[in-house]
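Engineer: Below are the chains, spelled out letter by letter.
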Amino acid sequence: MGGRGLKRQSDGILVFSEFISGSLHPVTLEILGKARDLADKVSSDVLAVMVGSGLSEAARELVFHGADVVYSIDHPSLTDFDPLLFQQNLVPLLRELNPLTFLLGATQIGRCLGPRIAAQLGTGITADCTDLDMTPEGNLVQVRPAFAGNIIATIITRTRPQMATVRYRVMKPASRDQSREGRIIARDAAFTTPSAKVITSSRSTGIDISSADIIVSVGRGLPRREDLRLIEDLADALGGIVGSSRPLVDDGWISKEHQVGFSGNVVKPRLYIACGISGSPQHLFGMKDSEYIIAINKDPSAAIFRVADVGVTMDLNEVLPLLALEIRKRNLSH
Amino acid sequence: MAGPRIIVLIKAVPDIERVKFDQETGRIDRSSAQLEPNPFDLNALEAALRIKERLGGIITALSMGPPQAETVLRDAIARGADKAILLTDEAFAGSDTLATSRALVAGIRKTGEFDLVIAGEKSVDGDTGQVGSEVASLLGLPSDSYVDSIEDVTDNRITVTCDYGTRRYVRESTFPCVISVTKNVASPRLPKLADALRSRKAKIEINGASDLGEFVDRKTLGTLGSPTHVMKIRIGSESRRDSRRLAGSPTEVAKELADLIEYWLHGGKGIEKTV
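Protein chains in written order, with the working numbering: chain E, 1 to 334; chain V, 1 to 275.
It should be emphasised that the hints constitute simulated quantities derived from the structure, not laboratory data. No incorrect hints appear here.
Simulated coverage check for chain E against chain V, where a stretch passes if three residues somewhere in it have a Cβ under 8 Å from a Cβ of chain V: (1) 83-92; (2) 108-119; (3) 186-200; (4) 310-318.
Simulated pairs of lysine to aspartate or glutamate, EDC-like, Cα-Cα distance not exceeding 16 Å: (5) V:Lys232 x E:Asp131; (6) E:Lys329 x V:Glu252; (7) E:Lys256 x V:Asp163; (8) V:Lys183 x E:Glu257; (9) V:Lys183 x E:Asp250; (10) E:Lys197 x V:Asp152.
No residue lacks a Cβ here, since even glycine has one placed at the ideal position from N, Cα and C.
Sequences and hints are given; from them, build the entire structure.
Structural biologist: Below, the structure is given as structure tokens:
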């Protein structure tokens, strides 16, 4: 330690701006919001870096969302994500800027790329942070859950940059202000040879439960597989997505992308309706931060009721068809 | 060539469903749960076994942990790994993911040449998912994470499907390389009883820090070499809500639920709409 800091004072909160195949990941705007708070505490700047192709419009968006300086590494060979190639292009910039902190989204890409960069720089990285703070001395206070959310750890890093990946949908996005000004600096791609041959590139399967606004979720309390239509019908009436606890996925009743929980997806919808879900720690981990939770379960002692705003102790078959009907009558489709 | 030389990284973790924590310090009560193989690493091992069934080769299971982690490596041998190496030493204690990766990389280098390193997506205790990528970076090798399936393997390359959230790729990498696999890649087999019994007598290679001296600077290991430090641990507070129970006939309950949903989505406080 020490020696690294003596070279030159680390400065700036750098945000990796995830832009793959034409779209900016919303977690980027959430990190920009937090980065502004952190930067203000140490009178520093918010810097952003993008790697990809066709970045100019997105770079302006980053400025509108609070970036003081945007570094854009724009090259056709960087259209598809490539872990080693992205690392090779980012590390020289990090060495040059020597930021105080470098933040990435805890998305698949951030969780793959962040550790690659941290290891090459010999610096620390904390995964999946749910909160961040900055001390006046410039120490990044990183908060993250571990052991399936059983414990919450507070972590600091003694090397620079202090790196962390930040969980999606936990922090408030930066507000957009089109009158904001900032510098956009183009950088040449230092490396353009992919580390692997891309045979095919496609959109992921479509269902992205982690960004759904409304989820109607189902668990073991569903008596028969054909009763899944009750859940689908309610989700359809609300314009929501069907979620599931792990057992139904393990039994092959429903596909993995619907799974909510520690080993599935962490969700934070506006409305979560848990149907026949007992509420194992592994499931609660994935949904307890939903804004409004309704639990329906015929077992009055089910753990799910402890995290729910509203509980109904009733058979799914009795109440779900009536609820779907009532929702349709009022045209509440989101 | 006699098939790929594969190294599978395996972590010994406490049973996540049973483990208890000291309410004061937040530390794990070691007596509350036995060590078992990290479930994600069993998928990694299974992926390696399936490659070996087709092409031959040799599978080495590599772990860093306390001496008791040996049981997890015996389990790997029972399932079909050819060799097992445990990195264990007081000097490794308190390692964060980077210090862990440095020790693992030293262990990998000590085994000599290899073609493929397979890691599980993450561990169920630390849940960082960082070690696979840090190992790849320290080895200076290409890697892919979130590998959902292995499409093809030959003597000098591997083709995988990996899911990076918004995009899904089929990518072909030349050996040597590193992959981190999800649970979708292959469901682990159970060890046969005879193999489990035989594995009790199998030789586990034990390496301490001094055995790795040629491959890693001791000062970069353990607590001393870890750039991140846990300042504070607290038991996760279970978020409790008022959980008002609705009563009445199904029709009444359905109506009241619809009222609540209507109020919440259209009349209640909503999150700011952004972007």
